[in-house]
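2 protein chains.
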Amino acid sequence: MDERIRKHAQILVEWSTEIEEGDNVIISANPEAQELITALYEEIGKKGGKPVTLYRSNEASAAYLKNHEGELQTPEHKLSLFKEADAVISVRGDPNQKAMNNVPGEKVSSMSRANKPINDLLSEKRTSLTVFPTNSQAQLAGMSLEEYRDFVWNATLRDWEEVEEKQEILKKKMDEASEVFIKGKDTEIEMNIAGNVGVNSSGKHNLPSGEVYIAPIPDSVEGEILFDLPIMHRGKEINGVKLRFEDGEVVEYSAEKNEEILENMLYTDEGARRLGELGIGTNRGIDRFTRNILFDEKMGDTIHLALGRAIPRSVGEDGEGNDSAVHVDMIKDMSEGTVEMDGETILKDGKFVWEL
Amino acid sequence: MDERIRKHAQILVEWSTEIEEGDNVIISANPEAQELITALYEEIGKKGGKPVTLYRSNEASAAYLKNHEGELQTPEHKLSLFKEADAVISVRGDPNQKAMNNVPGEKVSSMSRANKPINDLLSEKRTSLTVFPTNSQAQLAGMSLEEYRDFVWNATLRDWEEVEEKQEILKKKMDEASEVFIKGKDTEIEMNIAGNVGVNSSGKHNLPSGEVYIAPIPDSVEGEILFDLPIMHRGKEINGVKLRFEDGEVVEYSAEKNEEILENMLYTDEGARRLGELGIGTNRGIDRFTRNILFDEKMGDTIHLALGRAIPRSVGEDGEGNDSAVHVDMIKDMSEGTVEMDGETILKDGKFVWEL
Chain D
1 MDERIRKHAQ ILVEWSTEIE EGDNVIISAN PEAQELITAL YEEIGKKGGK PVTLYRSNEA
61 SAAYLKNHEG ELQTPEHKLS LFKEADAVIS VRGDPNQKAM NNVPGEKVSS MSRANKPIND
121 LLSEKRTSLT VFPTNSQAQL AGMSLEEYRD FVWNATLRDW EEVEEKQEIL KKKMDEASEV
181 FIKGKDTEIE MNIAGNVGVN SSGKHNLPSG EVYIAPIPDS VEGEILFDLP IMHRGKEING
241 VKLRFEDGEV VEYSAEKNEE ILENMLYTDE GARRLGELGI GTNRGIDRFT RNILFDEKMG
301 DTIHLALGRA IPRSVGEDGE GNDSAVHVDM IKDMSEGTVE MDGETILKDG KFVWEL
Chain X
1 MDERIRKHAQ ILVEWSTEIE EGDNVIISAN PEAQELITAL YEEIGKKGGK PVTLYRSNEA
61 SAAYLKNHEG ELQTPEHKLS LFKEADAVIS VRGDPNQKAM NNVPGEKVSS MSRANKPIND
121 LLSEKRTSLT VFPTNSQAQL AGMSLEEYRD FVWNATLRDW EEVEEKQEIL KKKMDEASEV
181 FIKGKDTEIE MNIAGNVGVN SSGKHNLPSG EVYIAPIPDS VEGEILFDLP IMHRGKEING
241 VKLRFEDGEV VEYSAEKNEE ILENMLYTDE GARRLGELGI GTNRGIDRFT RNILFDEKMG
301 DTIHLALGRA IPRSVGEDGE GNDSAVHVDM IKDMSEGTVE MDGETILKDG KFVWEL
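In order, the protein sequences belong to chains D and X. Numbered according to my numbering, the first sequence spans residues 1 to 356. Numbered according to my numbering, the second sequence spans residues 1 to 356.
These are calculated hints, taken from the structure and not from any lab test. No experiment lies behind these values; they were computed from the predicted model shown.
A pair counts as met if it fits within one copy or between any two copies, since identical chains are not told apart.
The calculated DSS-like cross-link candidates involving lysine-lysine, where the alpha carbons are at most 27 angstroms apart (straight line), are:
#1 Lys47 to Lys98
#2 Lys125 to Lys166
#3 Lys66 to Lys47
#4 Lys185 to Lys348
#5 Lys183 to Lys348
#6 Lys7 to Lys66
#7 Lys47 to Lys7
#8 Lys7 to Lys98
#9 Lys116 to Lys83
#10 Lys83 to Lys125
#11 Lys107 to Lys7
#12 Lys107 to Lys47
#13 Lys171 to Lys185
#14 Lys173 to Lys351
#15 Lys7 to Lys204
#16 Lys66 to Lys46
#17 Lys47 to Lys116
#18 Lys172 to Lys348
#19 Lys46 to Lys107
Please build the complete structure, drawing on both the sequences and the hints.
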C-alpha cells in the first residue's frame, strides 16, 4: 500500500472525525477506493470504532432511477443507520464521472428530496468528505493518474492545525462584519452576513479543505456576478454562468453552455434560487481547476457562492440561512478583483488581508 | 451487460425475495459483484423497492480485526439498519478466498458474537444468499472464469417454480415417512424422520438451490456410509470419509486425507457426532464438485448428511432435531445406489421417484 493512503486514512480518523472507542462509523465509498477503505478499517480498528461501509455507485443509482417510476421515498432503514451513527466518512472515487448523464433531472431531484431527512441528520454528526484519486478524475482534471495522485495528496496531506490558525483571522473578520461587497469582472454584488458565523474549514468536514465560509442572509443579496470557472452539477459542466439577484432571489440567469441544467436546478425548489454560502478558498496546494468542487472551491485566491441550502453551522443563533434540497457551489477567480467587508479590504488581486 | 446477470437479478428480486413497492432492501456484496449490483438496482427500481448496499470485503475485515484489541461490540447503527429492513440479498464474490487466513480464530469468534443480534434478525426477513462468479472461485473450482460463469448461471438461471413443484413430491414423501434406508457403495445406513418436516428449497433463501432436506431423529441413525466426495471444513478438504453409527452416534470413523481434522470436528461437542440433516440434491445444472457448499450440496443425484446442528425449520413440533455448535455437510454420489422411505424407492441409480 502507498504510504500516502495510510496517512490519508490516519488524518480522516484522527483529525477529521476524531474516532473514539465505541463510535458507530459509516464509510460511504466507491469500490474503486478499496485501498483507502482497507486503510480506514485498520485505523478505525486501532481506535475501537465500529465501521459499516455503504457501497457508493453512480452507475447503480442511474440504473435505479431510470427504472423507478413515481416519486422516491426516504429509505427508512438507511435513515435508521444514520440516526445511530456518530461519524460519517464519505469517499468519492467514481470510475466514470458521466454515469448519471442520461438520468432525467426530475428523477435526480426526487432522489435529493427523498434523501433530505438523511442529509439533514449529517449536521449532528462528525462528518468528513474526501476523494480517492481514480483515472476518471485524473482524466477530467487533464492529468495522468500518477500526476493526479500527487496533486490529490499534496492538497490533502497538509499540516491542518497550521491551516486552522491562519484561517482563524478570516473567520473573525466574517463574524464581525455585516456588509460584504464583491467586485470583479462583470461582477458587482453585495450581501449581508450579520448574525451568521464564519466557519474555519481546516480538514474536518472536507478533506482536503482550506476555506472559510459563512451563510449570507438570504434576502440581502443584490447585484450581478459572473462565474468565470465552470460549475459542475451532477457530472455536467455549466459554463459562463451569470446571475442577477434582487431581494436575494435570482431574477435573471444565463449560461454559455448547459443553461437548461442551470434552469432545472434553479427550479428544484424556492431555496434553489437563493444563496446559502459565501466562501473564500485558501489552499494554495490546489494550484489549478480540476472540475472537482471539493478541490476547486478551496483553491487559493478564489471565492465561491452556493445556491441552495446553507450549511447549518454557518448560520448564527440570531442569523438567518437559506433552505433547499440542493447546494451548488459556483467559483469565481479573484486574482483580479476585491472582497470588502464593512469597507475593509479582505482579498485584493489574489492577496489576503494578512498579505496586503 | 451479460444478459445472464440481468436474469440473475430478476430471479433474486421477483422470485427469491419478492420485492414489492416500498420494501426496504439491503444488498450485501463484494465490490467484485458490481455488475450484479447494478442489475439489482434496475430490478428493485422497477418494483419501487429502496435498496441500500453494504460493501463486503474480507480484506477490510481482516485489516480491522488485526488492529482491534479486546472484545468486539455489536454495531448499533448496523443493527438498526437490519431492524428496519424487509429483505436482505447477500452476494458472495470474494476476490481471494484466503483473505482472512492469518486472522486469529478468537478474533473471528468475537466478530461472530458481536454480529449475532444482527444474524438473529435475519430469520424474520425475506433473505437470499447467492454467488457472483469471480476468478478466485473459478480457480478453487478448477475452471477458467468463462467456464465457471457458465457453470454458475447454468445452476442458477432455472425455472424455480417448476423445481418447487417437482420437489414438493419429495417433501411430501419425507413428511409422511418414518424409516429411511440408504444403500450404495460401502454404504448401508438407516434413520427415522417421523415427526420432522421436509423443507423444499427452491431458490428462495439459497440461489442456486435444488434440494429437499429434513432433520433425522438423532438417536435413530444406524449403519455405515462412505462419502465419496470431499468434505470442506474451515477451508480444508477431508477426503474418503467413512462413518459408522450406533444409536445415532459415530462410533467409528476414518478418512483418506486430513483424518485429524475430521476427528477434531467430531469432538467439538456431543452433537457433532450425531446427524442434523438428511438432504437430497436435485439440481442437475450442478454437474460437478466445486468446493462451494452452496452449489455442492444441491448437486443432482446426490444426497448429503450433516453432522451437528439441525436447521430449525426442518424439525417438526412433535419431532426431534440435533443441537451442536457445528453443521458440516457431507455429500454422497447416488448415481449408483438407492434411497427408500418406508419401503418405497425414492431415488435409484440417479433417477428420482417420478422418473422411475
